[in-house]
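Protein chains in written order, with numbering that gives the first Met the number 0: chain A, 0 to 318; chain E, 0 to 73.
I should point out that these hints are in silico values taken from the structure, not numbers from a laboratory.
Accuracy of the hints is not assured; some may be wrong.
List time: in silico PhoX-like cross-link candidates among lysine-lysine, alpha-carbon distance up to 25 Å [as the list claims (entries may be wrong)]:
hint	chain 1	residue 1	chain 2	residue 2
1	A	Lys244	E	Lys69
2	A	Lys244	A	Lys188
3	A	Lys87	A	Lys130
4	A	Lys244	A	Lys159
5	A	Lys130	A	Lys88
6	A	Lys98	E	Lys26
7	A	Lys159	A	Lys312
8	E	Lys35	A	Lys273
9	E	Lys35	A	Lys244
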Amino acid sequence: MEQNNELENYVFHTRGVCPPEIHFRLSREGTIHQVRFVGGGCPGNALLVARLVDGKPMNAIIEYLSGIECRNATSCPDQLARAFAAVKKGDLQPTATFKVVEDADPRDRICFIGNLDGNQEVLTTLMHAVKDERVHAIYSVGNLTGLSEQNDNVVSMINKHEIQAIAGQLDWQYAQGNEAVPAAPLSLKHRDILLRLPQVLAFQIGDQKGMAFYGRYIQDLPGYSDFAPFSLEMNMVCDLTRFMKDESVFPALEAMTPQFSVRLVVFSESGDWKHHDVGGVMFLGIGSVYENGFIHWGLLENTAGGLKYQVRKTPFNPE
Amino acid sequence: MAESVKALPNEIQELIEVSEWDMRTRKGVDRFRELKARSLPSVALDGALLYESLIPGQEELIAEIERRFKAKNP
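Start from the sequences, fold in the hints, and give me the full structure.
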């Protein structure tokens with residue numbers, strides 16, 4: 000089997016079929032790997048197509064897939080053929096290693112939530128509490144899922160409450176079907192939602208740009224580059240400062256912040272609530288939502304006196 | 000910092016092997032932490048951190064290199 004780091008990732012946006020995206024990987028020699036029809040469609044047939052083409056040369060497969068009709072004069076196999084044709088023609092380029100989504104609207108009040116660990120009750124209570132905060136956006140930067148029977152419900156609620164989420168490490172593993180420990184099953188629909196979550200959320204509060212990410216697993220993704228946008232910020236948080244735990248290296252961090260593309264860096268892997276201002280950059284560590292009998296969230300405001308951050312909490316007694 | 004090392008006279012350059020580490024990279028950060036450095040710029044000689052937060056003058060750097068070379072090559 001080829002090493003993962005020799006494969007390039009592709010995402011094809013379909014037309015006329017149920018799954019909105021097809022994800023696949025190609026070797027340099029054009030061998031197909033890990034085809035996945037994402038976001039809808041017939042899972043059985045989709046899995047069959049993926050299994051049949053896996054390990055086959057792209058050029059030899061196109062003719063077998065092309066022209067098959069289901070609806071709108073196309074089909075999932077036909078769309079896959081079009082994806083391969085687009086790669087051959089140069090119209091479809093490999094995707095970046097990690098996905099970045101930008102919240103384009105500048106905000107003045109943002110709520111940050113950390114690890115939910117698949118706890119629906121906690122999320123429900125949190126949403127009631129945050130409602131009174133009149134925030135302009137809610138960003139989830141921790142794991143949505145956990146060792147929980149409620150993972151499906153939590154993922155549903157994220158959409159319902161218009162929470163902008165990034166993929167935590169466990170979410171990523173669920174999406175890949177690589178849960179490290181036995182965990183409650185997650186529906187295919189919700190796995191696809193997790194798969195489409197970005198690793199990095201770029202945002203703006205007032206006139207300050209920020210970025211939020213979970214942690215170190217992003218650096219381990221195949222093809223990660225130290226020179227991609229936001230890699231510097233992630234390398235400094237994860238590796239130099241060990242999630243802002245090693246204050247002895249803050250002088251070095253301060254020397255590097257002029258090269259940052261943002262003035263706020265938010266992370267959550269360490270599970271600790273942290274707030275440091277170093278070299279003109281605000282670093283925020285977002286802790287778990289439920290801890291020690293309380294539900295916590297971070298509130299970031301753009302005020303006349305500048306950015307103001309506080310950790311808020313409310314008591315919670317699980318039933 | 001790298002420029003001041005590159006500006007050393009040829010006869011000194013021949014005594015040393017220079018490695019430059021980019022702090023934007025994970026390898027550079029790993030090396031920084033191995034040396035137990037705290038600030039930038041940092042210069043190490045023979046794997047030991049010698050200068051931090053400052054760029055040594057040419058004369059001082061040359062003297063230190065020569066001293067170490069002589070100690071290893073009596």
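The hints, checked one at a time:
A threshold of 25 Å between alpha carbons decides the hint, and for Lys244(A) with Lys69(E) the separation of about 41 Å lies outside it, so the pair is violated. For the hint linking Lys244(A) to Lys188(A), the alpha-carbon distance of about 38 Å lies beyond 25 Å, and the restraint is violated. Pair hint Lys87(A) plus Lys130(A) does not hold up; C-alpha atoms about 50 Å apart against a cutoff of 25 Å. Taking the CA atoms of Lys244(A) and Lys159(A), the gap is near 35 Å; set against the 25 Å cutoff, the hint is violated.
A distance of roughly 50 Å separates the Cα atoms of Lys130(A) and Lys88(A); the hinted pair therefore is violated under the 25 Å criterion. The hinted pair formed by Lys98(A) and Lys26(E) meets the criterion: a straight-line CA distance of about 23 Å does not exceed 25 Å. Simply put, Lys159(A) and Lys312(A) have alpha-carbon atoms about 23 Å apart, close enough for the 25 Å limit, and the pair holds. Taken as a hint, the Lys35(E) and Lys273(A) pair is honoured in the structure, with Cα atoms around 24 Å apart against an allowance of 25 Å.
Using a Cα cut-off of 25 Å, the hinted pair Lys35(E) and Lys244(A) holds, with the two alpha carbons roughly 15 Å apart.
The structure fails to meet hints 1, 2, 3, 4, 5 from the earlier list, while all remaining hints are met.
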